[in-house]
Amino acid sequence: MKTKLIALKLFLEELGVPSNIDTVDERKRVQKSIYLGQIAGVDLGYHFGWYLKGPYSPELTKDYYDLDEALTEGDIEYQKKDLKGQLKEKLQSIKSIVTQPSDVLLSQADWLELLASVHYQFSNYDLVTAKANITREKPTLVPYIQRAEEALRNSHLLNN
Amino acid sequence: MNEEKPEKYNFTSVNDPVHGTIGLSELEVEIINTKVFQRLRNVKQLGLANYVFPSADFTRFSHSLGVCHLTGKIFETLKRNGADQITETEIRDYRLAGLLHDIGHYPYSHNMEDAIREYYDPKKDEYIASLISEKSGDTKKESIVPPEEKAPTFFNHTSVGREILIHDSQIHAIFKEHEIDTELIYSIFTRDNNPKYSSVISSDLDADRIDYLLRSASNTGLPYGSVDINYLVSQMRLDNNEKLCITPKALRTADHFLLCRYFEYSQVIHHKTVAAFEEILKQVIFELLGKEENRIDCSCASIVKYIENGFWNKFDDSFILQKIRKLREDPRTSIIVQEKAKSILERNPPKEICKVEYIRDREDQEKARFKNDAKRLETLIPALAKKYHIDEKFWHVYDKRIELTKVGLSVGSNKVVTKSKDDEDKYDQTVNVLNKATGESSHIMEIDNSLMSVLADKSLFTIRMYILFPSSILPEDRKKIKTSVFNDIKKEITYLSWK
Chain D
-5 MKTKLIALKL FLEELGVPSN IDTVDERKRV QKSIYLGQIA GVDLGYHFGW
45 YLKGPYSPEL TKDYYDLDEA LTEGDIEYQK KDLKGQLKEK LQSIKSIVTQ
95 PSDVLLSQAD WLELLASVHY QFSNYDLVTA KANITREKPT LVPYIQRAEE
145 ALRNSHLLNN
Chain H
74 MNEEKPEKYN FTSVNDPVHG TIGLSELEVE IINTKVFQRL RNVKQLGLAN
124 YVFPSADFTR FSHSLGVCHL TGKIFETLKR NGADQITETE IRDYRLAGLL
174 HDIGHYPYSH NMEDAIREYY DPKKDEYIAS LISEKSGDTK KESIVPPEEK
224 APTFFNHTSV GREILIHDSQ IHAIFKEHEI DTELIYSIFT RDNNPKYSSV
274 ISSDLDADRI DYLLRSASNT GLPYGSVDIN YLVSQMRLDN NEKLCITPKA
324 LRTADHFLLC RYFEYSQVIH HKTVAAFEEI LKQVIFELLG KEENRIDCSC
374 ASIVKYIENG FWNKFDDSFI LQKIRKLRED PRTSIIVQEK AKSILERNPP
424 KEICKVEYIR DREDQEKARF KNDAKRLETL IPALAKKYHI DEKFWHVYDK
474 RIELTKVGLS VGSNKVVTKS KDDEDKYDQT VNVLNKATGE SSHIMEIDNS
524 LMSVLADKSL FTIRMYILFP SSILPEDRKK IKTSVFNDIK KEITYLSWK
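Chains as they are written, first to last, in our numbering: chain D, -5 to 154; chain H, 74 to 572.
Treat the hints as calculated values from the structure; they're not laboratory data.
Do not rely on the hints blindly, as some may be mistaken.
[To be verified] Within a straight-line C-alpha distance of at most 27 Å, the following computed DSSO-like cross-link-like pairs (lysine-lysine) qualify:
hint	chain 1	residue 1	chain 2	residue 2
1	H	Lys552	D	Lys56
2	H	Lys448	D	Lys74
3	D	Lys84	H	Lys223
4	D	Lys132	H	Lys499
5	H	Lys553	D	Lys56
6	D	Lys84	H	Lys208
7	H	Lys197	D	Lys78
8	H	Lys316	D	Lys56
9	D	Lys(-4)	H	Lys479
10	H	Lys197	D	Lys74
11	D	Lys84	H	Lys197
12	D	Lys125	H	Lys552
13	H	Lys269	D	Lys56
14	H	Lys428	D	Lys47
15	H	Lys378	D	Lys47
16	H	Lys428	H	Lys552
17	D	Lys56	H	Lys223
18	D	Lys56	H	Lys249
19	D	Lys89	H	Lys499
20	H	Lys440	D	Lys(-4)
21	D	Lys(-4)	H	Lys473
22	H	Lys448	D	Lys47
23	D	Lys125	H	Lys249
24	D	Lys(-4)	H	Lys208
25	D	Lys56	H	Lys428
26	H	Lys448	D	Lys(-4)
27	H	Lys564	D	Lys(-4)
28	H	Lys208	D	Lys75
[Claimed, not checked] Negatives, chain H to chain D, calculated, CB over 10 Å:
hint	residue
29	Lys197
30	Asp198
31	Phe228
32	Ala246
33	Thr326
34	Cys373
35	Ala441
36	Lys448
37	Glu519
38	Ser557
What you are looking at is a predicted structure, and each value in this text was computed from that prediction instead of being measured.
Note that the Cβ used here is the ideal one computed from N, Cα and C, for glycine as well.
Make the full structure from the sequences, and use the hints.
Right under this line is the structure:
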């Protein structure tokens, strides 16, 4: 297994996110978790652009398909490796926000999409434009924008 | 813009040697007039091919206009042939994507992109390796040096294009004014999330490749542009799954097109001197990326910064050429790099010492054997360099495969393959031929009477060895060295037919 795939698998495990990619929601969950982990300071080198479901990295797509293939073929080399301690700490610090709060009536994939989208928009645009963009493109997530913003700020992922 | 008010593609027209008159809309002219688009006037399509084919110095600017024009033509045909579902907005958007598909090319296009990849990939691998350790349970063993905060990564040209559409202020303003979906436009040329007609811009038979073939033929003087493109385009349809395809009547023309592309590629891009110069150019650019002072930083973060502050608009072939001149004049530059810079600046090509070329199946075993052969040749370099007193860095082994289609015949009835995500995307990009009875289409290599049903499974394998003779070796001695090295290689690797 390539080193980058091992790092990807360990990163997801640390966040408690399965690496399954059979459904759109599962793929979305992987994309957005990696985005959040990277902004928490564990950079795997994926660059995210804005796509329909929020921040998205085509390079990551290719890698999680490769990871899936390696795992299907029985490659378990990652089990002999570990993420460095200080990186685990960074990922642990955001683990609590990866799961949706009980009063947020969204799936985990949608919650992660919202968190990543709010972060991306707030980091790249002024507040008014960012909120307008999310409202326009993700109407079903709108009721929870503020919750997502709070969660990001509490985890020190949003500073502006 | 709404459906009742179609875009007019005759706001202005330009004359083009390949297509004649190209009509453009007001919006397209606005895009063309931006600084970031005008930059393409200074990015040559074929890198250093004009060192061999003197007129092959056309730019990505004219090619982009051609792709926009052809995209419009393909959509007109599809609509005329019954694809009523295509909207005016879609035509506008796909033409725009055609116009902008090459906006993110680095100076000297693929040469620089390859140098960047070679520069950043090992750094990224090293960085990623620094993030993990052996699972020992003993945390004390862990390095106390924390990993760097950011991974050293780079963009390929389509990703740079995406970043330009997002971050360039002029493009952004035009898109906003015309309510254009930025994401859709870049998704068309990056092929991410599969916009439904992206094969019009990016596939084995698309506006990009058609314009490329015609423009290259028209400028190199080679006869490979004699494909009946008008007929081919006129036979394009959408199948029942809205996949771009051709009617069976155009099968021969499609085969001819793919053959011509193969010949063009093998005669121009793969030309022994063009390929040699491009390798040297790549090596010199690699030096520029790693210089201690005034290095060219092409990391993702820097590229975004260049786009935002407008530096990208000056980042063209002339910029790099000027850097190469300075590199050569800089007394701190090593003799080897100076010689390589001189090779580019004075058109002093590396010499082909030997080559082996064969056509075989494009299957994994054959590819592995080919790679091993090239590696074997490479292992001879240290001893040869020592024997002939020519530094190892002046030697180079070139190994390339050329194929006629993006994928081979692996979806036929008697072959079973596992397709990766990458493969699936490639299959989506093959030429599709309509089955009129079912309304669905099949890949050209699955059609029994297509040439591609035989040739798609073949590769042209080429291995060459080059030496860039340093100035210290006199011209009269070079010929003797060439002959002698050739004989040495023949003795060492006897199972290949060296020429």
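Against the structure, the hints:
1. H:Lys552 with D:Lys56: Measuring from Cα to Cα gives roughly 48 Å; hence the hint is violated.
2. H:Lys448 with D:Lys74: 31 Å, violated
3. D:Lys84 with H:Lys223: 14 Å, holds
4. D:Lys132 with H:Lys499: 31 Å, violated
5. H:Lys553 with D:Lys56: 49 Å, violated
6. D:Lys84 with H:Lys208: Satisfied, since the Cα-Cα distance of roughly 19 Å is no more than 27 Å.
7. H:Lys197 with D:Lys78: 17 Å, holds
8. H:Lys316 with D:Lys56: 23 Å, holds
9. D:Lys(-4) with H:Lys479: Holds: Lys(-4) (chain D) and Lys479 (chain H) sit about 25 Å apart, inside 27 Å.
10. H:Lys197 with D:Lys74: 21 Å, holds
11. D:Lys84 with H:Lys197: Holds, at roughly 20 Å.
12. D:Lys125 with H:Lys552: 70 Å, violated
13. H:Lys269 with D:Lys56: 20 Å, holds
14. H:Lys428 with D:Lys47: 50 Å, violated
15. H:Lys378 with D:Lys47: The given pair, whose Cα atoms are some 25 Å apart, holds under the 27 Å limit.
16. H:Lys428 with H:Lys552: Holds, because 16 Å separates the two Cα atoms, which is no more than 27 Å.
17. D:Lys56 with H:Lys223: Status holds; Cα separation ~21 Å.
18. D:Lys56 with H:Lys249: 31 Å, violated
19. D:Lys89 with H:Lys499: 37 Å, violated
20. H:Lys440 with D:Lys(-4): 21 Å, holds
21. D:Lys(-4) with H:Lys473: 24 Å, holds
22. H:Lys448 with D:Lys47: Cα-Cα ~44 Å, so violated.
23. D:Lys125 with H:Lys249: With Cα atoms ~17 Å apart, Lys125 (chain D) and Lys249 (chain H) stay inside 27 Å; holds.
24. D:Lys(-4) with H:Lys208: 17 Å, holds
25. D:Lys56 with H:Lys428: This hinted pair is violated, its Cα atoms lying about 35 Å apart.
26. H:Lys448 with D:Lys(-4): 22 Å, holds
27. H:Lys564 with D:Lys(-4): 38 Å, violated
28. H:Lys208 with D:Lys75: This hinted pair holds, its Cα atoms lying about 5 Å apart.
29. Lys197: 5 Å, violated
30. Asp198: 6 Å, violated
31. Phe228: It is violated; Phe228 (chain H) is separated from chain D by about 7 Å at its closest Cβ, not greater than 10 Å.
32. Ala246: 14 Å, holds
33. Thr326: 33 Å, holds
34. Cys373: Check fails; 5 Å does not lie beyond 10 Å.
35. Ala441: 18 Å, holds
36. Lys448: Nearest chain D Cβ is 20 Å from Lys448 (chain H), so the label holds.
37. Glu519: Non-interface label stands for Glu519 (chain H): nearest chain D Cβ at 24 Å, farther than 10 Å.
38. Ser557: Answer for Ser557 (chain H): holds, closest chain D Cβ roughly 42 Å.
Hint check: violations occur at hints 1, 2, 4, 5, 12, 14, 18, 19, 22, 25, 27, 29, 30, 31, 34; the rest are consistent with the structure.
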